[in-house]
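Chemist: The task is to assemble the complex, starting from two chains supplied on their own in separate frames and drawing on the hints.
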Amino acid sequence: MREVELAIIGGGPGGLAAAIEAYRNGVRKIVLLERDRSLGGILKQCVHSGFGLQLFGEELTGPEYAERFTKQVMELGIDIKLETMVIGITSDKLVSAVNSAEGLISFKARALILAMGCRERPRGALNIPGTRPAGIYTAGTAQRFVNMEGYMPGKKVVILGSGDIGLIMARRMTLEGAEVKMVCELMPYSGGLKRNIMQCLEDFGIPLRLSHTVVEIHGRERLEGVTVAEVDKSGRPVPGTNEYVECDTLLLSVGLIPENELSKMASIELDPATSGPFVDEACQTSAEGIFACGNVVYVHDLVDYVTQEGYLAGKSAAEYLSRKAGDGPEGGLGAESGAESRAESGAGSGAVSGAESGAGLGEKIPEVLKIHAGYGVRCIIPQFVRRSCKNDVSLFFRVAGNYRDVVLEARAGGRAVCSVRKKVVSPGEMESIRLKSEIIRSINSEVLEIGIRTLGDKEAKETKGEI
Amino acid sequence: MSERENKMLTCIICPLGCSISVTMEDGTIAETKGFGCKRGKNYAETECIAPMRVITSTVRVVNGPVPLISVKTDKPVPKALVMECMKEINRIEAHSPVKIGDILLVNVLGTGADIVATCNA
Chain A
0 MREVELAIIG GGPGGLAAAI EAYRNGVRKI VLLERDRSLG GILKQCVHSG FGLQLFGEEL
60 TGPEYAERFT KQVMELGIDI KLETMVIGIT SDKLVSAVNS AEGLISFKAR ALILAMGCRE
120 RPRGALNIPG TRPAGIYTAG TAQRFVNMEG YMPGKKVVIL GSGDIGLIMA RRMTLEGAEV
180 KMVCELMPYS GGLKRNIMQC LEDFGIPLRL SHTVVEIHGR ERLEGVTVAE VDKSGRPVPG
240 TNEYVECDTL LLSVGLIPEN ELSKMASIEL DPATSGPFVD EACQTSAEGI FACGNVVYVH
300 DLVDYVTQEG YLAGKSAAEY LSRKAGDGPE GGLGAESGAE SRAESGAGSG AVSGAESGAG
360 LGEKIPEVLK IHAGYGVRCI IPQFVRRSCK NDVSLFFRVA GNYRDVVLEA RAGGRAVCSV
420 RKKVVSPGEM ESIRLKSEII RSINSEVLEI GIRTLGDKEA KETKGEI
Chain B
0 MSERENKMLT CIICPLGCSI SVTMEDGTIA ETKGFGCKRG KNYAETECIA PMRVITSTVR
60 VVNGPVPLIS VKTDKPVPKA LVMECMKEIN RIEAHSPVKI GDILLVNVLG TGADIVATCN
120 A
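So the sequences go chain by chain: A and B. Mapping of the first sequence onto numbering that gives the first Met the number 0: position 451 corresponds to residue 450, and the numbering continues sequentially without gaps. Mapping of the second sequence onto numbering that gives the first Met the number 0: position 41 corresponds to residue 40, and the numbering continues sequentially without gaps.
It should be emphasised that the hints constitute simulated quantities derived from the structure, not laboratory data. Treat the numbers as computed from the prediction; the structure is a model and nothing was measured. Note that beta-carbon positions come from the ideal geometry of N, C-alpha and C, so glycine has one too.
Within a straight-line C-alpha distance of at most 30 angstroms, the following computed BS3-like cross-link-like pairs (lysine-lysine) qualify:
#  : chain 1 : residue 1 : chain 2 : residue 2
1  : A       : K92       : A       : K263
2  : B       : K86       : A       : K193
3  : A       : K422      : B       : K40
4  : A       : K155      : B       : K78
5  : B       : K6        : A       : K421
6  : A       : K435      : A       : K422
7  : B       : K37       : A       : K193
8  : B       : K32       : A       : K193
9  : A       : K389      : A       : K421
10 : A       : K193      : B       : K78
11 : A       : K389      : A       : K363
12 : B       : K32       : A       : K422
13 : A       : K314      : A       : K107
14 : B       : K98       : A       : K80
15 : B       : K32       : A       : K421
16 : A       : K28       : A       : K92
17 : A       : K314      : A       : K70
18 : A       : K107      : A       : K323
19 : B       : K74       : A       : K70
A short list of chain B residues far from chain A (calculated; beta carbon distances all over 12 angstroms):
#  : residue
20 : E4
21 : T22
22 : D25
23 : I28
24 : N41
25 : N62
26 : L108
Next up, chain B with everything else stripped away, as it sits in the complex (with noise of 0.2 angstroms):
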């Protein structure tokens, strides 16, 4: 028997905030009613099937002007591996001097994504 679940969205892509209704069929799309135009029904599909997230955090620095370096991936990650790319971030440390974009962390989980520094110390 095939599974079917509906998941209900607002959509963010624009101020009307559509909500937007996905139903679900064996982990693929079945319907999605309720949009407004092609880029929300596309937002909620994507949100549904493999939502992704750019992370930001902050890095210590070692020896640097300022104790902090902001820093994020530098492509989204899977939503569901948020917190653990949270406790390898949180490992990293950084020596002063860091520029803007320098990767402080390679292919962080697996997901293909680099830390990168977003300001400089």
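Just chain A, with the same shape it has in the complex (with noise of 0.2 angstroms):
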């Protein structure tokens, strides 16, 4: 076994920014773990442009931007383990991991950084009737034969899901020669970038259909066509509407579920809104030690917010080393004794502060702020704020509808502690708000509530000019 100060699993945009960041704040032991045989993720099968705006203002393909962290990794001889599959982790920190090399290889860390990403959701997830032929494939599935294999899936074809791999799909597979018959979104709206529906699909003058679906797969051996119908407002489909679509291939972007497998195996909590782990705004998860950043966490929009997530948890993961190398015992998220005794011996700098002049009534409050989705929230992260956290902490959101003229408050106690005024908020596209680390030292509640509140006709016009 070998001893680590750091392990990363995933050698991703999250892993490849935490392994940095780790690095260059003194972290020396590290190993990055990757299953695939070079480092990117799936950026290195997103040929498409588009990356990179937010962090570098150009826009870069998926391979372009995956090399210009690759580059830096390798130059700063991290140590990387490729074609490396991670099969176990422990809550003590303890990986086990295969390859073809080494055989069973496994690594004592003192800290863990996981950024295995996200997976699709497989035809098993929807529960299509019909037949099981091959040509049915998860749009990434056909992504990555396309661009990285060189096979192409099929010659005429139907995408279920409107989301973007699904939309860039349709852009791909039209270029390469096939025939794209249609999109169907089960959703009246699409759940893609509205840049992707129309360069992806109307440039193509492929038919988007929305609130329609697949309900019948036809062909033995080989797919041989769909029967889709439109849905009504439930999902259910419409009887008489049923249309018989020609196909030898059907791509599914029917969305994408964090991967948690391992997650699991060292029993960190997972929250049900987003499917990955519940993490604090230092990307710590449950299990003391352990971090979490990009994907794995929560399925971000764009491949620079991952970036600056995987920052955050290597920056984390450092001073959370440099902590254990000086001093004694720390508590997880949530390890309510570990975090009170903290701020009753006065370990934490600032904890006591907090603590003290937010439980005015002489009560003490928990160190850790729990953040709740209150009403048009679907999802939050982090889902804990630590009071003593020095620094302003985003708190990043996904909208459960389409609303316009809308505030979005984080209230405390039922006061309004932040409020951010929106035109339009959408589910496709996360919110944030942004909390000063004095606003967070102030809340004296024991939870911050995030949620959205829709103005009356006659207010969203006299603020109309403030947006």
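Modeler: Okay, here's the thing in structure tokens:
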């Protein structure tokens, strides 16, 4: 067994950024474990452009974006293990992995960063009736075939789901000579970016069928066609709207789920709303010294945000390691006893003043502030914020529907502590609220609720100029 | 007699997604309505006069560690030429080693855009 300071699982954008930032903050014994033949994760198969606008102010393709970080990791001399599959982790940070050169290997790490990314929802998650022929792929699998392996999955294509990967693949398959017959979307709106609807579908005259789904699959050995139907508001097929569409390929772009098989092995608590671990403002999970970043936590809109979160996780892991090198016990997220004892003993700087000034009536308030989803909000990251945190904290959240003229509010004890006006919000784009550290310290309730409030017509008109 | 044509576009500049209507007369813009900002107006008018797109695709690699490398046009090409450019791109064979930015085809179809590699192999 090898001992390392930090083991990072996953060499995609999250893991790469975490490795770089941990190194910059003084961590030297790092191992980065990646199951694929090269670093970069899913970016390597995303040959289209549109990455990096937030971080670099230019539009890069996926492989170009990945290369900027891969190069840095190589230059820093960080230990990279490719084609190495992590098969188990424990809450005390034992990592087991396999590769064909060394067989079974294990690491004892003092801190761990989970950066495994996410997986696509497969056919099995949809319960589409019919046969089980060849020719049904998730959009990302097809993307890998076309862009990295050099295989075309088929010639006549139907795409179910209008998420961005589905839209991007509609264009990609068309460019490579396939006929994309239609993109079906169960919801009355697309989950993809408008830009992609315009440039991937409308440019090529590919119909987008909103409120439509695939109700049957035909073909024994190879897919021969699908039956599509319109759905009502509750998502049920409307009788009499069935339409047979001949195709040899069905691509599924029906959602992504954070990949947390390993997290479960370490008994890390998962948030049912995100399917990823509960995290605090420093990306720490419920297990002490185990951090998580990127799509393993929740599915991000842009890779730029994954990179930023990777930096945060890397920095937090470095700080954790240096704290551990210095003093004694530490609690993982939600380890109330640990957190409280820190506040009481004064081990955590700022914790004491925060807790005392907050609890004006002499009651002890927990060190960890819980963040809850209020009206119109589906999920929030992070779910916990330590009151003693020294920096401002950005809360990212997904709204539950399309709304116009709203205020995004953070409310504590029935009082709004922070708000942002928005003209339009939609589930396709993550919203955020930035909480100043002094505001966090001033909150004396146990819970901070993030919700949206719709404005009346009059109020909306009056404040129009302020947006 | 002049020929008037009305085109409806959904703006992609920001999440507002304004519906913009552009009226063309004899191939020039007569009127643009419905935009929420200057950038939106600019987008809609460019889309109507001369829509341009960056093409991203892949190219076969000879003797490489991987079967394909990713490529792009280093500047946008006219939208109408996208499928023709794809035929040119699919004719290219790259020889390993290839580095990001290497030019694989100069001035594709006279558009002034080069096909460049976007990954190393």
